[in-house]
Amino acid sequence: MTRKQALWAALFCGALALIVLGVLNGGARDVLAKAIKICSECIGLG
Amino acid sequence: MAERGKRPMTRRLIQLYSALLYNAHLKGFAEGQIYTGPLKNVCVPGLNCYSCPGAVGACPLGSLQNAVAASADRPAFYVVGLLLLFGLLLGRVICGFLCPFGLLQELLHKIPTRKVKKSPLTRKLSWAKYGILLVFALAIPAWFALRKLPLPGFCKFICPAGTLEGAVMLLLHPANDTLRAMTGGLFWWKFSLMLLILTACVFVFRAFCRFLCPLGALYSLLSRLALLGVKVDGERCVDCGACLRVCPMDIRSVGDRECVHCGTCIDVCPTRAISFRAGKIVLRGPELGKGRERL
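Going line by line, the protein sequences match chains A and B. Numbered according to the numbering used here, the first sequence spans residues 1 to 46. Numbered according to the numbering used here, the second sequence spans residues 1 to 295.
Don't read these hints as lab results, they were simulated from the structure. Even for Gly, the Cβ is constructed at its ideal location relative to N, Cα and C. There may be inaccurate statements among the hints.
To be verified - Each pair of labels, with its calculated beta carbon distance range: (1) B:Leu146 - A:Leu16: 27 to 33 Å; (2) A:Ala9 - B:Glu235: 22 to 28 Å; (3) B:Ala128 - A:Ala6: 30 to 36 Å; (4) A:Lys37 - B:Pro75: 21 to 27 Å; (5) A:Leu24 - B:Leu146: 51 to 57 Å; (6) B:Ala128 - A:Ala9: 32 to 38 Å; (7) B:Pro174 - A:Ala9: 49 to 55 Å; (8) A:Leu16 - B:Thr271: 25 to 31 Å; (9) B:Leu221 - A:Leu16: 14 to 20 Å; (10) A:Ala6 - B:Trp127: 27 to 33 Å; (11) A:Arg3 - B:Val238: 24 to 30 Å.
As the list claims (entries may be wrong) - Capping the alpha-carbon separation at 35 Å, the derived lysine-lysine pairs in DSBU-like fashion look like this: (12) B:Lys124 - A:Lys4; (13) A:Lys4 - B:Lys27; (14) A:Lys4 - B:Lys118; (15) B:Lys27 - A:Lys37.
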């Protein structure tokens, strides 16, 4: 395994761990809560 | 020529399919309402406003800014993890194949006019997107988060995708009188900026993508590590520069931070050193031969 492949694998595992942690800490729920409402500020209306 | 003509067509179809897939809630356009189902838990990889009536997923950049804005209460693990995953698997292939706003920019560039070619100036301007990422997508939301004020700086002041897909699409619907009553100075600023950016795209290839897009800037940081993309076989490459001359982006080498992996360079390489790969698997390139090329 080259250094690049090892770095890729470590970052990939890190990404999966962050996603799992994010789901557990409510991050995914926050994304949903924001995305299902029209964000007037986001689209420049407020 | 038939071979060269086939490739952009395939990429264009993938771009079209992904734009449709991101915005598959077609009922939303008819009703002037956005989709509110569980798919919006997940970010799509490309820039696509979640306030677009058709959007079925969340915008990764909007989600990142909101996650940073809420980071005083909850670390932004989820969105950062998703962005890292997209970047590691696809990198800037997302910009070249899976971004609806990228598709729009490329279509606008097809309008026959005199074009502005890449130059040392455009190369310098390509660094601006990193400044926009730092200031508008990270620093402003983080600064206001300390004051408990959520402020997605890029979405609020710049994002042309949000103005076009979110604001304009919603405002055009007759049922949205309340939203129309909310238009003010900020909307007209964003609307003017959107018109300016879209006009620029007619003359400059992917002007927004090259100079302003913070999402492209973010993915470019992982360009060299991404699993999917165009790769150069160093043993075959003779440094003739044919790939750099044909590329409309501000690249210094194939697959670098500015490369969107469109694959235009594959056909012009005289030594067939360039291929489109997913890890070690060649998806398109010299090893497959003309008859088996898929992308």
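Each hint tested on the structure:
1. B:Leu146 - A:Leu16: 27 to 33 Å: At 30 Å between Cβs, range holds.
2. A:Ala9 - B:Glu235: 22 to 28 Å: holds, 25 Å
3. B:Ala128 - A:Ala6: 30 to 36 Å: Since the Cβ atoms of Ala128 (chain B) and Ala6 (chain A) sit about 33 Å apart, the hinted range of 30 to 36 Å holds.
4. A:Lys37 - B:Pro75: 21 to 27 Å: About 23 Å separates the Cβ atoms of Lys37 (chain A) and Pro75 (chain B), which means 21 to 27 Å holds.
5. A:Leu24 - B:Leu146: 51 to 57 Å: violated, 25 Å
6. B:Ala128 - A:Ala9: 32 to 38 Å: holds, 33 Å
7. B:Pro174 - A:Ala9: 49 to 55 Å: holds, 53 Å
8. A:Leu16 - B:Thr271: 25 to 31 Å: violated, 38 Å
9. B:Leu221 - A:Leu16: 14 to 20 Å: The hinted range 14 to 20 Å holds for Leu221 (chain B) and Leu16 (chain A), with Cβ atoms some 19 Å apart.
10. A:Ala6 - B:Trp127: 27 to 33 Å: At roughly 30 Å between Cβ atoms, Trp127 (chain B) and Ala6 (chain A) fall inside 27 to 33 Å, so the hint holds.
11. A:Arg3 - B:Val238: 24 to 30 Å: holds, 27 Å
12. B:Lys124 - A:Lys4: holds, 28 Å
13. A:Lys4 - B:Lys27: violated, 45 Å
14. A:Lys4 - B:Lys118: Holds - the C-alpha atoms of Lys118 (chain B) and Lys4 (chain A) are around 31 Å apart, at most 35 Å.
15. B:Lys27 - A:Lys37: holds, 16 Å
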